[in-house]
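Q: Residue numbers (numbering that gives the first Met the number 0), protein chains in the order written: chain A, 0 to 480; chain B, 0 to 512.
In case anyone wonders, no lab produced these hints; they're calculated from the structure. Since the structure is predicted, the reported quantities are computational estimates derived from the model, not experimental observations. Wrong hints could be hidden among the right ones.
[Claimed, not checked] Covered stretches of chain B (in silico footprint by chain A; criterion: 3 or more residues with CB under 8 Å from a CB of chain A, positions within the stretch not fixed):
| id | segment |
| --- | --- |
| 1 | 66-75 |
| 2 | 162-171 |
| 3 | 176-185 |
| 4 | 398-406 |
[Claimed, not checked] Listed below are the simulated SDA-like cross-link pairs for lysine to any residue, each with C-alpha atoms no more than 20 Å apart in a straight line:
| id | chain 1 | residue 1 | chain 2 | residue 2 |
| --- | --- | --- | --- | --- |
| 5 | B | 68 | A | 443 |
| 6 | B | 68 | A | 465 |
| 7 | B | 68 | A | 475 |
| 8 | B | 68 | A | 27 |
| 9 | B | 24 | A | 460 |
| 10 | A | 438 | A | 453 |
| 11 | B | 155 | A | 358 |
| 12 | B | 24 | A | 366 |
| 13 | B | 491 | B | 277 |
| 14 | B | 24 | A | 367 |
No residue lacks a Cβ here, since even glycine has one placed at the ideal position from N, Cα and C.
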Amino acid sequence: MPITIPPIDLLAVAPEIAVSGFACLLLMTAVFLKGKGGWVNACVALVGLAVAGWFALCQGAPRSAYSGMYAADGFTQFFKIIFLLGTGLVVLVSVKYNEEENMNNGEYYALLLFSTAGMMLMAAASDMMTLFLGLELLSISLYVLAGYARNRPGSNEAALKYFLLGGFAVGFLLYGMAMIYGATGHTDFAGIGREAARGADNRLYLVVGAVMLLTGLGFKVAAVPFHQWTPDVYEGAPIPVTAFMSAGPKAAVLAVMIRVYAQSVSFMHVDWLVWLSVLAVMTMTVGNVAALVQSDAKRMLAFSSISHAGYAMVGLAAATREAVASVAVYMLVYTLMNIAVFGILALVARKNEQRTKMRDFAGLARSNPVLAVSMTILVFSLAGIPPMAGFMAKFYVLMAAVKAGLYWLVLAAVLNSAVGIYYYLRFTVHMYMDEPEEKLPPVKASPALVVAIALSIIGVLLIGVVPSAYLEMAGRAVVSF
Amino acid sequence: MFPLLSVITFVPLAGALVLLFVGSKNENLIRMITLATGLVDFAFSLALYYGFDDSTHAMQFVERAPWIKSFGAEYYMGVDGISLFMVMLTTVTCVVCYLATWTAVERNVKEFNISMLVLQTAMVGVFCALDFVLFYVFWELMLIPMYLLIGVWGGKNRIYATVKFFVYTMAGSVLMLFAILVLYFQYHSATGVYTFDVLKYHAFAFDKNLQFWMFLCFFVAFAIKVPVFPFHTWLPDAHVEAPTTGSVILAGILLKMGTYGFLRFSLPIFPHASLAAAWWVSWVAIIGIIYGALVALAQEDIKKLVAYSSVSHLGFVVLGTFAFTLRGVSGGIMQMINHGVSTGALFLIVGILYERRHTRLIAEYGGVWKVMPKFAFIFMLIALSSIGVPLTNGFIGEVMILVGVYEANAVYASLAVVGVLLGAAYMLWTFKRVMLGEITNEKNKDLPDLSARELAYMAPFVILVFLIGVYPNPVLKKMEPSVRNLVGQVAKARSGGTAVAAGVRAPDGLRRE
């Protein structure tokens, strides 16, 4: 069989090229800046993200590129925007933090950009090879980022834990992929779907493979029971990195799960419905209940991010077109609000992250009322209370699930969100109703952080009050499903 | 057309936005702006009252515009004879509250007033919204300022109380949210239309079995809000810890949202389920009436006493509502207004005492009438109104409910009478212990009587007590077409679709012209 080289579609991968290119540029500037002027690095990173965003916006007609390995459709585009937005917010959150922690160098931002490229590749993957490439690019960058505060033992522990467990999970993933390939003879999702739909003889291998794939992806999205690494890693990693990990990568894995389970092996929809529903309920419940008892804000947010992945998985289980759109909107909103919350936490935690306890928020309403109000809006949004975007996002997901007839799953989700209220309220309790234990100079947000918080609050209120445009955008993005 | 309802809803929010730009040192300016906002809003609501056409049950002052197109959710506002009075009650109570907090709140005045104004917007919105999503947004939005009011400006145990309040209410609300979504898709699968229009749901006959489960979800949400026994445990905590105005708003308006929810949603959307549930809801209401009154008798803290009396009074409202008779339901609405007036006033009275002595224990008082005669007079009037003595508003409401319930079931009515008697007992006994006799406590010797401002904010409630008590017709007349329509909807379900049933006969007892 002669090897044909597929036509090169540069426009489809332009965002990835831009992000990777700027990441390389950052490695160069880092050399010339010699550790000084970290904000230049941040600016370069932001420009890179903006350029990539522009490329993503003018991606052109939906198409399949590189002989079916890469899908340049509306779905990819929507998720790319989420990733770029998320990484942009993380860069803004990082500037001052990194300066204080003395880690404001080019490599940090380069790693952020590389992992963003990985995420984009994942969202665009329509082949297991592309998927694996993206996932590894993302993961390896994240392992390094988790340990970036190299003088802090916690950060080192996080990196090591993440690396070891992550490596283990990738083993499952690869083995699953191999099984699926063995059963169907295809690596592209469409081919697998076709082959499987014919009722292959090797159905057992296919199911085992798909379950192993689910295990690997479940690890990455921190679905219960594959979540054990999350609290420690999230707690140990530098706060901006935690913010990054909690949003973008989750969205990327969910995008992959949607492609694999809602599209490719959807012939076994009923089976996946049960599996994914069980995972979703466990993820929501365990995340919520564990978050209830935390006294450390960072750890609490880690658990709460687990439960948020659970809500998104409710939409995944429904697996209709609306559900897919709702998951996309959910991840957009979640990215917006969660990163800003971590940004505020980074500020309150002060130097060396010594104050990440919930009660360190005490008295914030007096010392910095604007910041306290921002935090209030954001946590109420996370809790899913209208008129904030968190409510609309949740509403959209629940709506899709009700439409798919998953009543009991929706009941579990709404009861969980009632439980979730309790721990989100603790932020406001401390900020407004509690006296600080010791007198500290008031915290002051850096301009970059102010921009990040302002952006996310505007987004949260806009999507919360007039969600029409965003929902329609998401609706258009998923027409291919 | 002038968007009157939107104006009434959002004027307070605009006031809150103005306050954002006022320096927090200018406390008096902040209070003035808040009060002015409240008065303007009240003036608009008067326009609503006088512009209201009492010859139809149709929604009036309707405003609708597409909001979330992909869901079919709309910005849809309107009032009928039921919600009109809830809106009026809200605007009046809020003005009174803005006056009453003048000196009671000294800490974070700006934040307090902003919270109050946002709360007012949400409350008016709840009563005007005719789209489920819009309703839910206002319904939940209301929780945030109330949570802050109790949590920041409350008493010693405020954090426990406010979190309990929030989580309880939220637990009910999310069940309602679930039910709303189920109805939405049921409606769509039957008609092919995606809509959250409440009136469309009224006109649609949902499957009886579905009705039962959906009724339960809504019931829990509203029962927690009312609160109906046994969902009442958050109420005493919240009331005792809340600042005076928080309690007034809580008792005067927030609790009414539960009973309003029964009237606006449960009865018309689930008539079959409502009829089927009437017997146990009535029993639960009766238990609430008697239990609330008995527990109130045993209280040593005046505020807790008033809080438990609310449980008892709201039990009457629920009982009247689930009698499905014209008199019962109108009496229920009447009693919602009355309870807002008299219990709101009682909380203000407790607040006045508390501001002077910083205690709410009944045992600390006694003989207060000697030093505060004006106060004693007003307290007496309000206590009588709460008991339901003729010529006061409470009488009208209670009698209508009892007659309405009697028409439906004599046993329920006779049991409810026990609650009336107990109500008289705890109210009069409290009045005696606090106000009458000799001054036994040295500290009460030189309590100042009511100031002009205090008289000013008690005045609207005192006027309303007599106005409604002596001449309730304007109120009844305005609500009649809507109530008649509501009762008709339930009756239609009872008779299986054939027109007029027992509940809709001429309301001879209502018309006293």
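Q: Within 20 Å, alpha carbon to alpha carbon, are residue 68 of chain B and residue 443 of chain A?
A: Distance of about 41 Å is beyond 20 Å: violated.
Q: In terms of beta carbon proximity below 8 Å, does the segment 176-185 of chain B have 3 or more residues touching chain A?
A: holds (count 6)
Q: Checking one constraint from the list: CA of residue 438 of chain A to CA of residue 453 of chain A, max 20 Å. Satisfied?
A: Violated: residue 438 of chain A and residue 453 of chain A sit about 28 Å apart, past 20 Å.
Q: For the pair supplied as a hint, residue 24 of chain B and residue 367 of chain A, is the alpha-carbon distance within the 20 Å limit?
A: 16 Å, holds
Q: Tell me if the straight-line CA distance from residue 68 of chain B to residue 27 of chain A falls inside 20 Å.
A: Status violated; Cα separation ~49 Å.
Q: Regarding the pair residue 24 of chain B and residue 366 of chain A, is the alpha-carbon distance no greater than 20 Å?
A: With a Cα-Cα distance of about 16 Å, the restraint between residue 24 of chain B and residue 366 of chain A holds, given a limit of 20 Å.
Q: Take the segment 66-75 of chain B, compare each residue's beta carbon with every beta carbon of chain A, and decide whether three or more fall closer than 8 Å.
A: holds (count 5)
Q: For a C-alpha distance cap of 20 Å, please report whether residue 155 of chain B and residue 358 of chain A respect it.
A: Judged against 20 Å, a Cα distance of about 18 Å means the pair holds.
Q: Please verify whether residue 491 of chain B and residue 277 of chain B have alpha carbons no more than 20 Å apart.
A: 16 Å, holds
Q: Take the segment 162-171 of chain B, compare each residue's beta carbon with every beta carbon of chain A, and decide whether three or more fall closer than 8 Å.
A: Since 5 is at least three, the answer is holds.
Q: Within a Cα-Cα threshold of 20 Å, do residue 24 of chain B and residue 460 of chain A meet the stated pairing?
A: 29 Å, violated
Q: Quick check: do three or more residues in the segment 398-406 of chain B have a beta carbon closer than 8 Å to a beta carbon of chain A?
A: Violated: only 0 residues of the segment 398-406 of chain B have a Cβ under 8 Å from chain A.
Of the numbered hints given earlier, the model fails hints 4, 5, 8, 9 and 10; all others are met.
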